[in-house]
Amino acid sequence: AQSVTQLGSHVSVSEGALVLLRCNYSSSVPPYLFWYVQYPNQGLQLLLKYTSAATLVKGINDFEAEFKKSETSFHLTKPSAHMSDAAEYFCAVRLSNDYKLSFGAGTTVTVRA
Amino acid sequence: DVKVTQSSRYLVKRTGEKVFLECVQDMDHENMFWYRQDPGLGLRLIYFSYDVKMKEKGDIPEGYSVSREKKERFSLILESASTNQTSMYLCASSLGSFAQDTQYFGPGTRLTVL
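So the sequence lines, in the order shown, correspond to chains B and E.
With the numbering used here, the residue at position 109 of the first sequence is 109, and numbering never jumps.
With the numbering used here, the residue at position 102 of the second sequence is 102, and numbering never jumps.
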């Protein structure tokens, strides 16, 4: 079974600063990896996904994530935070033979002016 | 754009009531999912369906059932609501059976059981 760990339930950044959200997974085989964002009072929206084509994945709103097999990580970054990035972010993993997405506990990002 | 809609944004029910949560997707997706979202726990899968009338239990199916009579509609049923079922419920759909398929989410239903 796979599991997902997001380090840090809350992250606070200044506007214009780097955003770094950490995600580690445990799986015996390389999984498919996803980052979703949830804005207040909304459902989840896909930011980006890793499907084994390239280890550096670019997503919407200038977010990107890098798959590192040796570290079993898929950390999410954005070079310059914007106030509109305040939201909850979820990392999720799925194996090739499974319908199920397993989600991390989520990281809430606040952006300081 | 894929659209997943849920019948209610907010719902308040009493303990012991039967509760129906409805989800509709408009993109002819094969798979549909019900999750519950609780602070600090992320999303946990309750049930999913990979075809009409087909369903499989997820991680936390106890106290819930589902119905999928039509491809576009997936219902979650709480047979006898309890206070520990107070939560945010999210429906999702995906195109097919490939693991890289994106799941598209509805806006959620915040259910309070008194």
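Among the hints, a few may not be true.
[Unchecked claim] Heads up, incomplete: computed chain E residues facing chain B, CB under 7 Å, no partners named: (1) Gly16; (2) Val19; (3) Phe20; (4) Gly96; (5) Thr102; (6) Pro107.
Keep in mind the hints are simulated off the structure, nothing from the lab.
Glycine included, every Cβ here is placed at the ideal spot set by N, Cα and C.
Okay, the hints, checked on the actual structure:
Taking 7 Å as the C-beta cut-off, the interface hint given for E/Gly16 is violated, the closest approach to chain B being about 28 Å. Using the Cβ-Cβ criterion of 7 Å, the hint placing E/Val19 at the interface with chain B is not satisfied: the shortest such distance is roughly 19 Å. Checking E/Phe20 against chain B: minimum C-beta separation of about 19 Å lies over 7 Å; hint violated. The beta carbon of E/Gly96 is not positioned within 7 Å of any beta carbon in chain B (closest approach about 10 Å), and the interface hint is therefore violated.
Annotation: interface hint on E/Thr102 holds; nearest CB of chain B at approximately 5 Å, less than 7 Å. Proximity of E/Pro107 to chain B holds as hinted, the smallest CB-CB distance being about 5 Å (cut-off 7 Å).
The structure fails hints 1, 2, 3 and 4 (numbered hints given earlier, in ascending order).
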